[in-house]
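J.: Okay, here's what each chain looks like letter by letter:
Number of protein chains: 2
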Amino acid sequence: MRIGRDILQLTDLLESFLRNQGEEKFHYSELSKVFKRLGRLDKDKYREYIKRMPTNILGDILLDLSDRNLEDALEVLSLKKLINSIKHLESDDATDLLEDIEEISEELAHQIMEGLDNKNQEEIQLLRSYEDDHAGAYMQLEVFMANHNETVRNTIERFRVLKGNGELENISSVFITGDYKNLVATISLDDLILFDLESPFKEILSKTPEKYRSRYVRDTDDIEEVAKLFKEYDLSVLPVIDAQGYVMGRITADDIYDILQELATEQMYNLAGVDDDVEGENRAMDISRKRGKWQFLNMCTAFFSASVIGQYQETIEVLPALAVLMPIVASMGGNTGNQALTVMVRRLGMGEVDNTNWDQSLAREMIVAVTNGLIFATLVGLGSFLWFDNYKVSMVMSVAILMNFTIAGLCGTLIPILLKKLNTDPAVGSSILLTMITDALGFLIFLGLAKLLIF
Amino acid sequence: MRIGRDILQLTDLLESFLRNQGEEKFHYSELSKVFKRLGRLDKDKYREYIKRMPTNILGDILLDLSDRNLEDALEVLSLKKLINSIKHLESDDATDLLEDIEEISEELAHQIMEGLDNKNQEEIQLLRSYEDDHAGAYMQLEVFMANHNETVRNTIERFRVLKGNGELENISSVFITGDYKNLVATISLDDLILFDLESPFKEILSKTPEKYRSRYVRDTDDIEEVAKLFKEYDLSVLPVIDAQGYVMGRITADDIYDILQELATEQMYNLAGVDDDVEGENRAMDISRKRGKWQFLNMCTAFFSASVIGQYQETIEVLPALAVLMPIVASMGGNTGNQALTVMVRRLGMGEVDNTNWDQSLAREMIVAVTNGLIFATLVGLGSFLWFDNYKVSMVMSVAILMNFTIAGLCGTLIPILLKKLNTDPAVGSSILLTMITDALGFLIFLGLAKLLIF
Chain A
1 MRIGRDILQL TDLLESFLRN QGEEKFHYSE LSKVFKRLGR LDKDKYREYI
51 KRMPTNILGD ILLDLSDRNL EDALEVLSLK KLINSIKHLE SDDATDLLED
101 IEEISEELAH QIMEGLDNKN QEEIQLLRSY EDDHAGAYMQ LEVFMANHNE
151 TVRNTIERFR VLKGNGELEN ISSVFITGDY KNLVATISLD DLILFDLESP
201 FKEILSKTPE KYRSRYVRDT DDIEEVAKLF KEYDLSVLPV IDAQGYVMGR
251 ITADDIYDIL QELATEQMYN LAGVDDDVEG ENRAMDISRK RGKWQFLNMC
301 TAFFSASVIG QYQETIEVLP ALAVLMPIVA SMGGNTGNQA LTVMVRRLGM
351 GEVDNTNWDQ SLAREMIVAV TNGLIFATLV GLGSFLWFDN YKVSMVMSVA
401 ILMNFTIAGL CGTLIPILLK KLNTDPAVGS SILLTMITDA LGFLIFLGLA
451 KLLIF
Chain B
1 MRIGRDILQL TDLLESFLRN QGEEKFHYSE LSKVFKRLGR LDKDKYREYI
51 KRMPTNILGD ILLDLSDRNL EDALEVLSLK KLINSIKHLE SDDATDLLED
101 IEEISEELAH QIMEGLDNKN QEEIQLLRSY EDDHAGAYMQ LEVFMANHNE
151 TVRNTIERFR VLKGNGELEN ISSVFITGDY KNLVATISLD DLILFDLESP
201 FKEILSKTPE KYRSRYVRDT DDIEEVAKLF KEYDLSVLPV IDAQGYVMGR
251 ITADDIYDIL QELATEQMYN LAGVDDDVEG ENRAMDISRK RGKWQFLNMC
301 TAFFSASVIG QYQETIEVLP ALAVLMPIVA SMGGNTGNQA LTVMVRRLGM
351 GEVDNTNWDQ SLAREMIVAV TNGLIFATLV GLGSFLWFDN YKVSMVMSVA
401 ILMNFTIAGL CGTLIPILLK KLNTDPAVGS SILLTMITDA LGFLIFLGLA
451 KLLIF
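Protein chains in written order, with UniProt numbering: chain A, 1 to 455; chain B, 1 to 455.
Please note: incorrect hints may appear among the correct ones.
Since the list gives no way to pick one copy over another, a pair counts as held whenever it fits inside one copy or between any two copies.
Listed below are the simulated SDA-like cross-link pairs for lysine to any residue, each with C-alpha atoms no more than 20 Å apart in a straight line [as the list claims (entries may be wrong)]: (1) Lys-207 to Gly-166; (2) Lys-228 to Leu-194; (3) Lys-181 to Glu-123; (4) Lys-81 to Lys-202; (5) Lys-80 to His-110; (6) Lys-290 to Leu-418; (7) Lys-392 to Arg-218; (8) Lys-420 to Asn-357; (9) Lys-33 to Lys-228; (10) Lys-293 to Asp-93; (11) Lys-80 to Leu-141; (12) Lys-211 to Gln-21; (13) Lys-87 to Leu-74; (14) Lys-211 to Ser-199; (15) Lys-36 to Arg-347; (16) Lys-231 to Asp-96; (17) Lys-293 to Arg-364; (18) Lys-231 to Gln-313; (19) Lys-293 to Ile-375; (20) Lys-163 to Leu-192; (21) Lys-33 to Asn-355.
Derived by calculation from the structure, the hints in this document are not laboratory data.
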């Protein structure tokens, strides 16, 4: 009953969209939400309606769907319809969708590519030629440029035509190029609107050359650095240029939203030993394999820590209370180290900590580790005394906690800094390394001290 | 030597800025970077130059500095200069800076507030009246509006004057209001530029009413939802309205960069038992206290897990190999659970997982947990057999690993979902709760099975 009502509601929405097309009542993202739900509830209706979507919005919807939903859609959509949908997309979106399709069927992606005109093909080839983390891979090629000899009036006229043709969308700035087609300035529309219509840009720029000086990024710049630039200078668009200074495309605020979120997800996932590329795909086997790699490493370090305990089997045999208490030392050390590690990884990632000020962070972390180490050494010592009524065991506990806190704070801070210095990602593998240290050293200190002091 | 050269380089940069003011060669964020470095290297020079900064950029610089640097600056800046710096800031920045100053000296903040004119005072009071997570707390009040009866020409003329006065910056859209000053449409400048100058907006809007229909947020909306809206609809600006539909202010792309990053940081930090509000402040004592709260909880759960082991002291006494192996079960279960937990927390936070599809995630996580549980049960069983040459111990190990993986996957997925259903943050406390379960149950299953099967 409930499901039947839900399906009816979704198809009603789609019918209403199909009736009122052109009035722009719906954003594509609203429609793709409807299709995502419909895809779960009723595959037939899902296929029926995806076939009926007009090509001017179908590409955007397909781009939003999960792999599984996209696969379903590809089964019922004609090649011609797919080609036309991709033609309606902006260059970066067209490239993304084609890549999504390629993952499902290389053959189909190839056919679609063949069906596109030369300009679209070249654009897609260009965008695909960049590495995943290059600015070029994120830019869109649709930009609005004007030569510095052009008048403001002429530029606005040209803009009117291009917009009317649907060739340009969401333009907030004009990129001004010089005699050699090189980027010389960026003028935002809120400035353009106030200029004398008959002036060529050259004249306007010559009066206040610094005012419209353009920030830009290179197509091969690291996208992470680009995102930082947007954040630091509160930008909403940046031109992307090549080695010769030609304008290749632009990166806009909505790209940056995605990048900032992806980067954060990547950091979080790496810390937990999870791969952000496969997690979104819902393919349990890929996820198992990727997570398994880290679990395997964790198994190795766990056996290593266990081997430390193995050295003290006889000690434990005599005083099993040690086996009861030793996980407390390891667990609390791990927790403490993980706090420091997470803060360092995040702050390194955001650029708040770097070569110039990491020593401040280290100093701070050491104060925190030793302070809390002293406090918890006291508490844990007291707790274990109340429990086992053996002041030697309690003393060993206290000293082990203090030492493990100190080591945890030190390693939690230094591991990501060192990884960064070695030019690797400070989030990858660092928490497993840290846990190994706090576990193995935790057991070693506790059991070693016990053997030394108690027997 | 090295430090001397660095200081000279920094002061040279500042001298060059002071000489060429008005040519806009520097962005404030470049200057604040210089001051941050100078503040570390040479306090006297830092104070000398901060005093010499002009008020039209001083506020922006102060806003970027750390608490400690700001405190230093406040010691040498006159009240009058502070007041003028704040006057130059946009409403949201002025409010933020005043709040930063208030944390250092309530008295000084009060004096500055008194020195501002009524309009500034009211703006700051309004912005401060919102809760921290309300859209209103993030908006800036500087907006450009036009009544729907106004002509395009008139609007542009008004815009010219406001921009000339420096009252408006970074405007990309005009908010159109109706007869009752209520928001009726948003027109971006790339559309405005193409309109017939003599038409009133009413006429333009009546032709395609849906095209300029304005998205908006309420001032009391949750800022996290607002950020999702920007991401979902690729927006660069949104008007903020009150309950009556009046335009209160706007939220722009640069606010969203900050919010997306803050939200991600908060999630990561919460997972690790760290408080994002105090971590940035560099006050070791505050950090110690906040982290200590979670360490205390961790201590309690560690003692609880230890108490489980305590029940099996006699078993361990007879077969100390159990004490050696038991941390492997706990550690690998914790690792597995943490993978699932991190993915769930992040996907819940980004809205990818919700009420409608959490069962898919659970199904996926269970497949992953059981698959890898079987694999690692085999590996760990084999490893422990090679080590201790006791097939009973190895069998217990294998079963315990499989069971703990399954429990870890189940709890890692369900804990955040349940916390979310209870309307609390799925990241807060969830990893400590999870670790308690995987530790305590890991020990219980392993030692319990051992007692049952071996003796």
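J.: For Lys-81 and Lys-202, with the copy left unspecified, which applies at a CA distance of at most 20 Å: within, between, both, or neither?
T.: Result: close neither inside a copy nor across copies, 45 Å intra and 38 Å inter.
J.: One pair to classify: Lys-211 and Ser-199, alpha carbons no more than 20 Å apart. Within, between, both, or neither?
T.: within (17 Å within a copy, 32 Å between copies)
J.: When no copy is specified for Lys-80 and Leu-141, does a C-alpha distance of 20 Å or less occur within a copy, between copies, both, or neither?
T.: Answer is neither: 24 Å inside a copy and 49 Å across each miss the 20 Å cutoff.
J.: For Lys-231 and Gln-313, with the copy left unspecified, which applies at a CA distance of at most 20 Å: within, between, both, or neither?
T.: Neither: 56 Å inside a chain and 57 Å across chains, both beyond 20 Å.
J.: Cα distance capped at 20 Å. Does Lys-207 pair with Gly-166 within a copy, between copies, both, or neither?
T.: between (34 Å within a copy, 19 Å between copies)
J.: At most 20 Å between C-alpha atoms: does Lys-33 with Lys-228 qualify within a copy, between copies, both, or neither?
T.: between (31 Å within a copy, 14 Å between copies)
J.: Within a copy, between copies, both or neither: which one fits Lys-181 and Glu-123 at a CA-CA cutoff of 20 Å?
T.: within (19 Å within a copy, 46 Å between copies)
J.: Reference check for the pair Lys-420 and Asn-357, CA-CA at most 20 Å: within, between, both, or neither?
T.: within (14 Å within a copy, 38 Å between copies)
J.: At 20 Å max between alpha carbons, let me know whether Lys-231 reaches Asp-96 within a copy, between copies, both or neither.
T.: between (25 Å within a copy, 17 Å between copies)
J.: As a check of your reading, is Lys-163 near Leu-192 (CA-CA no more than 20 Å) within one copy, between copies, both or neither?
T.: Both, since 16 Å and 12 Å are each at most 20 Å.
J.: How would you label the pair Lys-80, His-110 (within, between, both, or neither) given a Cα cut-off of 20 Å?
T.: Only inside one copy: Lys-80 and His-110 sit 13 Å apart there, 68 Å across copies, limit 20 Å.
J.: Given a CA cutoff of 20 Å, do Lys-293 and Arg-364 count as a within-copy pair, a between-copy pair, both, or neither?
T.: between (34 Å within a copy, 18 Å between copies)
Of the numbered hints given earlier, the model fails hints 2, 4, 6, 7, 10, 11 and 18; all others are met.
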